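Residue numbers (our numbering), protein chains in the order written: chain W, 1 to 140; chain C, 1 to 140; chain H, 1 to 80; chain G, 1 to 80.
The hints are simulated quantities; they were obtained by calculation from the structure and are not laboratory data. These numbers come from a predicted model, not from an experiment. Glycine is no exception: its CB is placed at the ideal position from the N, C-alpha and C atoms. Worth double-checking, as some hints may not be accurate.
[Stated by the list, open to error] In silico DSS-like cross-links for lysine-lysine, where the CA-CA straight-line distance does not exceed 25 Å:
hint: 1; chain 1: H; residue 1: 34; chain 2: C; residue 2: 126
hint: 2; chain 1: W; residue 1: 60; chain 2: G; residue 2: 10
hint: 3; chain 1: C; residue 1: 2; chain 2: C; residue 2: 64
hint: 4; chain 1: G; residue 1: 34; chain 2: W; residue 2: 55
hint: 5; chain 1: H; residue 1: 46; chain 2: C; residue 2: 118
hint: 6; chain 1: W; residue 1: 126; chain 2: G; residue 2: 15
hint: 7; chain 1: C; residue 1: 132; chain 2: H; residue 2: 46
hint: 8; chain 1: G; residue 1: 34; chain 2: W; residue 2: 118
hint: 9; chain 1: W; residue 1: 2; chain 2: W; residue 2: 63
hint: 10; chain 1: G; residue 1: 15; chain 2: W; residue 2: 55
[As the list claims (entries may be wrong)] With beta-carbon atoms standing in for the labels, derived distance ranges:
hint: 11; chain 1: C; residue 1: 3; chain 2: G; residue 2: 29; range: 56 to 66 Å
hint: 12; chain 1: G; residue 1: 28; chain 2: W; residue 2: 67; range: 31 to 41 Å
hint: 13; chain 1: W; residue 1: 44; chain 2: H; residue 2: 66; range: 51 to 61 Å
[As the list claims (entries may be wrong)] What the simulated footprint calls covered on chain H by chain C, stretch by stretch (three residues with Cβ under 8 Å from a Cβ of chain C suffice, anywhere in the stretch; the number is not a length):
hint: 14; region: 2–16
hint: 15; region: 50–61
hint: 16; region: 64–78
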Amino acid sequence: MKGNMSIEIVDVIDTSRVFAELSDPRSGGICVFVGAVREFTENEEVLSLEFETYKVMALKEMKKIALEAIEKWKLNKVVIRHAVGVKNVEEPVVIVGASSAHRDACFNACRYLIDTLKERVPIWKKEMFTNKSVWVSAHP
Amino acid sequence: MKGNMSIEIVDVIDTSRVFAELSDPRSGGICVFVGAVREFTENEEVLSLEFETYKVMALKEMKKIALEAIEKWKLNKVVIRHAVGVKNVEEPVVIVGASSAHRDACFNACRYLIDTLKERVPIWKKEMFTNKSVWVSAHP
Amino acid sequence: MEVLLFGIAKDIVGKGSFRFSADEQAPASVSELKDRLKGSFPEFGKLTSLAVAVNSAYAEDGDRLNESDEIAIIPPVSGG
Amino acid sequence: MEVLLFGIAKDIVGKGSFRFSADEQAPASVSELKDRLKGSFPEFGKLTSLAVAVNSAYAEDGDRLNESDEIAIIPPVSGG
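Between the sequences and the hints, there should be enough to build the whole structure, so can you do that?
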């Protein structure tokens with residue numbers, strides 16, 4: 001981690017090191033959310049998800065979100081990491097986490113990180129079904 | 001993990017495997033909280049924390065909490081794990097996590113797991129300072 | 001009747017358990033046990049809370065105690 | 001002026017970027033770019049939302065476009 005945040009777009013997310021990354025002598029609480037590929041979406045079997053991104057902009061937006069959260073909740077460390085490419089069932093696609101003195105701050109910040117990432121960061125997800133593929137959220 | 005929950009009191013918490021443990025083909029969201037030893041409590045330097053437990057009862061209470069959360073939030077998997085013994089600054093002392101179809105459920109459940117553990121589970125924490133030690137919460 | 005002690009309760013009494021000896025009458029209820037503890041060790045009266053577990057589950061003040069029960073004094077918990 | 005395309009925008013246009021050629025007038029503002037896109041490709045009008053990024057930051061409808069800007073069409077995002 002460079003400074004107090006690690007912001008990355010990667011091919012594969014390694015969930016095993018995130019608590020070590022967010023560890024800090026000033027932090028009593030660390031909250032981490034992982035988003036993974038579910039087998040079924042509205043009763044339809046999903047074979048895989050495919051993610052693409054506008055990388056330079058995505059990294060900028062992720063950094064803005066991290067800075068907003070650090071300021072609002074006085075966080076000690078933040079991780080925002082998203083995967084791209086084809087992801088199969090159970091594979092992690094996103095990991096966000098925050099560490100802070102007390103647990104209220106890291107829970108609220110972690111929720112903010114994932115909610116805001118989903119709203120603003122230019123990443124697109126295509127759901128691959130047996131007989132079709134769909135860009136998620138594209139149409140009302 | 002045996003069934004859909006892993007409930008343990010351990011000497012050392014390994015944070016690296018928790019997302020693998022909570023992974024489930026039905027889960028799109030996994031939320032995990034880690035509590036760790038902070039260097040300072042109310043501006044006093046903490047050398048270490050020492051935890052003791054009434055183990056048979058603690059495991060029973062932890063299991064009750066897990067079952068309550070599974071029922072309330074339709075969780076796919078739950079982890080509640082607490083450490084005992086002497087823990088130094090930055091070491092994890094507790095890890096709780098939940099996995100569910102959507103993120104609302106796992107965030108709310110994870111918060112419930114740690115809040116309720118702190119209220120009900122018979123575990124006691126002694127703060128070791130340079131010149132004294134204090135059983136946390138014992139006195140008003 | 002043996003009573004297990006944890007955390008600050010162990011420090012107050014000075015050991016991890018104690019027993020009501022055969023020649024003294026054991027407390028019949030949770031509330032009687034608490035009263036007798038506070039009588040013998042006034043420090044118990046100063047705690048934020050004081051609970052009793054019977055057979056490793058929280059007990060109510062009115063619950064009866066039996067010689068064969070596993071009884072434990074639960075001072076304010078502070079896990080996490 | 002080159003315009004980058006992602007997600008469903010790439011599928012609608014059939015390529016990852018396009019350019020307004022020198023002999024046609026490039027759109028002067030974000031809103032003009034959106035209007036011309038919807039004119040050429042009515043599918044853009046059916047999306048849940050349509051945003052434009054200028055130099056890798058979200059732009060407002062009234063923002064001006066310059067030949068040297070990095071411009072990107074941002075269909076509804078769906079990360080996470």
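Status of each hint after checking the structure:
1. H:34 with C:126: Holds, at about 23 Å.
2. W:60 with G:10: holds (22 Å)
3. C:2 with C:64: holds (15 Å)
4. G:34 with W:55: holds (22 Å)
5. H:46 with C:118: Roughly 21 Å between the alpha carbons, so the hint for residue 46 of chain H and residue 118 of chain C holds.
6. W:126 with G:15: Distance of about 17 Å is within 25 Å: holds.
7. C:132 with H:46: holds (19 Å)
8. G:34 with W:118: holds (23 Å)
9. W:2 with W:63: holds (12 Å)
10. G:15 with W:55: Roughly 18 Å between the alpha carbons, so the hint for residue 15 of chain G and residue 55 of chain W holds.
11. C:3 with G:29: 56 to 66 Å: The hint (56 to 66 Å, Cβ to Cβ) holds, given that residue 3 of chain C and residue 29 of chain G are roughly 60 Å apart.
12. G:28 with W:67: 31 to 41 Å: holds (33 Å)
13. W:44 with H:66: 51 to 61 Å: holds (58 Å)
14. 2–16: n = 5 at 8 Å, threshold three: holds.
15. 50–61: It holds: at least three residues are needed, and the region 50–61 of chain H offers 4 whose Cβ sits within less than 8 Å of chain C.
16. 64–78: holds (count 6)
Of the hints listed earlier, there is not a single one the structure fails to meet.
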